[in-house]
Amino acid sequence: MATFKEVKVSGFEEFDQAVKEHKGKTIFAYFSGSKDAEGKSWCPDCVEAEPVVREGLKHVTEDCVFIYCQVGDRPYWKDPNNDFRQKLKVTAVPTLLKYGTPQKLVESECCQSNLVEMMFSED
Amino acid sequence: MAAMAAALRGPLARFRSRTRVWTRGTRGAANAVGAGQPQNFDLLVIGGGSGGLACAKEAAQLGRKVAVADYVEPSPRGTRWGLGGTCVNVGCIPKKLMHQAALLGGMIKDAHHYGWEVAQPIQHSWKKMAEAVQNHVKSLNWGHRVQLQDRKVKYFNIKANFVNKHTVQGVDKGGKVTLLSADHIVIATGGRPRYPTQIKGAVEYGITSDDIFWLKESPGKTLVVGASYVALECAGFLTGIGLDTTVMMRSIPLRGFDQQMSSLVTEHMESHGTRFLKGCVPSLIKKLPTGQLQVTWEDHASGKEDTGTFDTVLWAIGRVPETRNLNLEKAGVNVNPENQKVVVDAQEATSVPHIFAIGDVAEGRPELTPTAIKAGKLLAQRLFGKSSALMDYSSVPTTVFTPLEYGCVGLSEEEAVALHGQEHVEVYHAYYKPLEFTVPDRDASQCYIKMVCLREPPQLVLGLHFLGPNAGEVTQGFALGIKCGASYAQVMQTVGIHPTCSEEVVKLHISKRSGLDPTVTGC
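Protein sequences, first through last, are from chains W and C. Going by the UniProt record's numbering, 76 is the number at position 76 of the first sequence; the sequence numbering is gapless. Going by the UniProt record's numbering, 187 is the number at position 187 of the second sequence; the sequence numbering is gapless.
Not one of these hints is a red herring.
Okay, derived cross-link-like pairs now, BS3-like style, lysine-lysine, Cα gap no bigger than 25 angstroms in a straight line: (1) W:LYS25 to C:LYS138; (2) W:LYS58 to C:LYS154; (3) C:LYS127 to W:LYS20; (4) W:LYS20 to C:LYS128; (5) C:LYS127 to W:LYS87; (6) C:LYS128 to W:LYS87; (7) W:LYS8 to W:LYS25; (8) W:LYS89 to C:LYS128; (9) C:LYS127 to W:LYS98; (10) W:LYS98 to C:LYS138; (11) W:LYS89 to C:LYS127; (12) C:LYS216 to W:LYS98; (13) W:LYS104 to C:LYS152; (14) C:LYS154 to W:LYS98; (15) C:LYS216 to W:LYS25.
FYI, nobody ran anything at the bench for these hints, they're computed from the structure. All values derive from a computational prediction rather than experimental measurement.
Using the sequences provided together with the hints, build the complete structure.
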């Protein structure tokens, strides 16, 4: 039974740091619009996808790290020069990706349990 | 035992008798022990390449229950790849990207003529290029996986073969057996490069196009054996990125293509750094203590033997269809004994009415991605949609991506003459110089166009052949014209776009018959 370690980060700097700290491990990253004081994200697709992603995580087939990254508020996200767009080529939220591979699911794809499960169990 | 017998008479008895009746049917899988009952589909596609995936996705869109069984047998070198077939993994895609890498090298060399201060000589990193190309290919593999899942097509990574005409069994990487049955089956297993197994050391030390795009280290000094477009395209980009490259050909280049154009292609390569050993056939490959390969060959013209040392030997001597391991006899599907390709009719049907074959594995079909894709889609529409449209394999345009690209559509000059007779064929031709070549003084000796037409007015265009930069982009539009039955008269009525190489096609006016000099001079 494979396990995952969850790392919660906010913003690009923290994300970059988390990746460096876990170098050499299999890393899945989930990018979501930041949650407000009541814990609700400004991004409706992110709200819908999160439970699907968490359910999919249970099917992971190898020990890995799951980085849950809140990208920032809506104006920051919409800025075409933000670090996520420029440095990581992440241009949509939600995005679920396997770090260092071309495997990526974006937007409504993250709400489809069969795709999410495929992402976590592919080798 | 008695207890079990009692249970069988009880409520379980109904279940038992139902399955027994079921296995007596045509879908019975008597030979696959321990695999359980077959999973049933409306359509089963064997092979997840250009043709297979297109057919599967189309059928799924039409609401059918579809499965794709794709498996890549590692090459003798051990190379393997993901979903998508030859085109995506070891063909068109990586080839075009590496061709582009080579072309960029040429552009960088020309850049200073246009005012760019570029430090010469420039270095090329195989590692960097290969990684970028491989990453793109992997993203395509992933894209196909997502697409199949999204369209509810069931994907099996298994090596499939026939158990009977409705049932297929497959073994996955771990050895587990899966049974699949379907109303309709499409064979789209494509082909693999051929090895000259009669040459000692060939399999052991040589590689093929299956391997070249996945090499992590540079192939170094390379000998490409073959005269196919695979051979010439590979030799072309290897030369372009600065590697010492030699092509060894037994006889003519690009068999099946217009031979005048083919000679111009190799002429260009020869005058741009690729060495050619014509009329030579290798006889032995040995590994030297240095790790390099020593190749022995016979020069048929002189009858003499010669040797050479290379880092890599790339076999590009043809491709064989993937039919040997399908157990086609169990399904009653016939192959052409001469080439092992599956025999099909105009509906893509095999000798078994509900089994079809498309793409490279099918006999008499062009070995091209777009025709496989189109054939796959039309087949799905005929089977599950309301269509009766057949695939039209005539006037299919194509391009050979050698350093100087060759695009063509329709008949070669030889084919036209054989079909209509010399007196009924008119060939218009021209040598031209791309404007972009002038400033850096690039050699345009082989930039040439010819249009093969019927002699009788309005002079129907039978074939167009273009040798020059961006040949694929140039030829595509003219393919539409030929499909519409364009005549030379109509081509002449078309105004050219200036300044382009393409416009030279609509300005063709010198016929071969006239004997006049076909060189274009200025505006």
